[in-house]
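Colleague: Take the given structure of chain A and dock chain B to it, following the hints.
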Amino acid sequence: MLRLDQLKIRLEDFQMTADMSLQKGRKYAVIGPSGAGKSTLLGALCGFVPLTSGRLFWQDQEITDHQPGGRPMTMLFQDNNLFPHLSVLQNVGLGIRPDLRLTDEDRTRISKALARVGLSDQTNKKPGTLSGGQQSRAALARVLVQARPWVLLDEPFAALGPALRNEMLDLMQDLVAETGAGLVMVTHAPEDVRRIADQVIFVGSGKAEAPQPARELMDNPPPELQQYLG
Amino acid sequence: MAAILVVAVVLAAGVGIASRIETALSFGTGDWAAVRFTVWQSFLSSMFSVVLAIPVARALARRQFFGRGLLVTLLGAPFILPVIVAVLGLLSVFGRNGWLNIVLASAGLPTLSIYGLQGVVLAHVFFNLPLATRLLLQGWQTIPAERFRLAAQLHLTPWAFFRVIEWPLIRQILPGVAALIFVICLTSFAVALTLGGGPKATTLELAIYQAFRFDFDLGRAALLSLAQLALAGGAALVALGVIPTISVGGGLDRPQQRWDGVSRVQRRSDMVVITIASGFLLLPLFAIVLRGLIGIPQLPQTVWTAAGASLCVAGMSILVLGFLAVPMAGWIASKPTGSVEAIGLLGLSASPLMIGTGWFILINPVMNPASLALPVTALVNALMALPFCLRILVPRLRDTLRDYGRLSATLGVQGWPLWRWVILPRLAPQIGFAAGLTGALSAGDLGVITLFADADRATLPLQMYRLMGAYRMEAAAGAALLLLIMALGIFWVCDWIGRRYAAS
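Going line by line, the protein sequences match chains A and B. Read in order, the letters of the first sequence are residues 1 to 230 in the working numbering. Read in order, the letters of the second sequence are residues 1001 to 1504 in the working numbering.
Don't take each hint at face value.
Stated by the list, open to error - The calculated EDC-like cross-link candidates involving lysine to aspartate or glutamate, where the alpha carbons are at most 20 Å apart (straight line), are:
(1) LYS126/A / ASP1403/B
(2) LYS207/A / GLU224/A
(3) LYS1335/B / GLU224/A
What the hints assert, rightly or not - Non-contacting residues of chain A with respect to chain B, defined by C-beta distances greater than 12 Å in every case (computed):
(4) ARG107
(5) GLY132
(6) ALA163
(7) HIS188
The hints are simulated quantities; they were obtained by calculation from the structure and are not laboratory data. Note that the structure is a prediction, hence the values are computed from the model and not measured. Glycine included, every Cβ here is placed at the ideal spot set by N, Cα and C.
Excised from the complex, chain A in its bound form (with noise of 0.2 Å):
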């Protein structure tokens, strides 16, 4: 369980609070307006943006102060999700070995995680070379051998036409059912909640509600959340 223990978080002119638990396995869609602070709230998540109060635990222990590549949780951003640089391989084997000193036994694993999004015959070509799906599924294999108890998701398909998104999630879906992972989604579409979604954090005014049952809000949303959805 992640226990989110009365956050506050001030920036400048933005504050926003969080008090919640989110179970593993479970899948979460983060939804809300623009600049309702989605994204703050995951980048407070992975230690990204500093807490003003409160204090995050992860199964009973302690995480608050905790680097980002120390935390239980493992994140996909807007974009830049993959070295250019650096090979397939390389970017994949970062999620084992950040110092890249890698093992046969590693390699085996990157190797079986590449072929189970589909990338085997791309493995030593450069992020450039490669389709925007294919780069999402390169760091999708990062994520799968990083197997985190926790993916956060920030909009990292934004980019992506529809079938292809509605791929990319079918298949982020598949992997964290196989590990057993939490899903934390940011999204701004409706029908991304309704496709994957558990549960719907709905954050606006100033605060990130507590997690509420995804179909039964969608179907019969409070006037804020109403009022955002149109």
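Modeller: Frame of chain A; chain B shown alone:
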């Protein structure tokens, strides 16, 4: 760490100088004349450079012609051109028996002398006119295409076009460019050494050298160094706010689409301006190549030895710079604001001769300074290149950290692996460029080495200067060509390695 080292090098020089300042020593009339001349020639040089740069940049900005890209690239060349080589080139064209005077004499006109104030300013304009042109051109490039379209729609007259579009830009950029050139010319030494001299045309740097070399009056040299530090440092501090960033990237060779300046008068005048400017820049280089080809077979063995020494110095400078600039750039880039770039600027204002004097005073009691001539030269040269290198490296490093910092952090890539797998590969082209610049500047520098060298130890620029002093002009021209090839070669090789590494 690296920043501390830089400060330490400069401070050590300061300590050396301070230890020799005697209260009894006062500033003589000759010293005041040197201060006045330093400021006056810097002022004239920067004025001529920027005023002449306006028509050149304007013409280059609105014309497209065969060889334009090459010409714009060549505008960057004086930056790595060894000063002494350029001086010899200028002498070939403008000197007593130069091409210009031959033409003037055959036309029955009085001949011109290149020595003194006019020569110093001429050489400084030769170096800084291209720099000013590039910076102005860079400004022109920032004018959005829409504005040219709008001007074309409105049918602006040339005068209205100048007032509405060009003049606001010039007014905005020019003061910074002038300030930059002023600061650069304040610490000029090799030009004054070769074309100045005498009571009327001695810069502070040259006065330091003369007090040192001719009178071996370390106290006076120290005092003059202090004056130089105050003058150049003060000017640099004042100018810091207005000095523009020197872009070294490409993009300047991409001409904008323009609809103005189509009248016959404008086309003719642009053509004349471009022809004169390219002639002014290319003829001296052409002269070097021409005379050098004749001179190279006559090179004495000492020149080849000196060339080897210069290669060593360049290599050492590049190494020192690698250990200094890259970590420093990392440190600066991780800070939100670039106030620490000021340390790099310290190298620009702290003159090489001043640092050299300080170190000489420190080393002299302990050992023979001549035996350290090459390492000290390499170190000081690296320091001189530091401000430029930081300006090349820091922006790219900032971008890299902005784009990939979070990704690296989530993956736990930090410390050496962060440098090994992320920063160095991303920065390879910039590092190669900076290394090339440093190597070329270092190989071509005629500064500290003049203080430390003895009869047995010399770098190629110094050896060339000695040949000129002995009126062995053919051999000097050969050495100049060799030095030119070396400087350009070092630059090209480093730049190429950086690009290749980045591409692989």
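Colleague: All hints are to be evaluated individually against the structure, with a verdict given for each.
Modeller: Hint check:
no.: 1; hint: LYS126/A / ASP1403/B; result: holds, 17 Å
no.: 2; hint: LYS207/A / GLU224/A; result: holds, 12 Å
no.: 3; hint: LYS1335/B / GLU224/A; result: violated, 40 Å
no.: 4; hint: ARG107; result: holds, 17 Å
no.: 5; hint: GLY132; result: holds, 17 Å
no.: 6; hint: ALA163; result: holds, 27 Å
no.: 7; hint: HIS188; result: holds, 21 Å
Violated hints amount to a single one, hint 3; each of the other numbered hints is respected by the structure.
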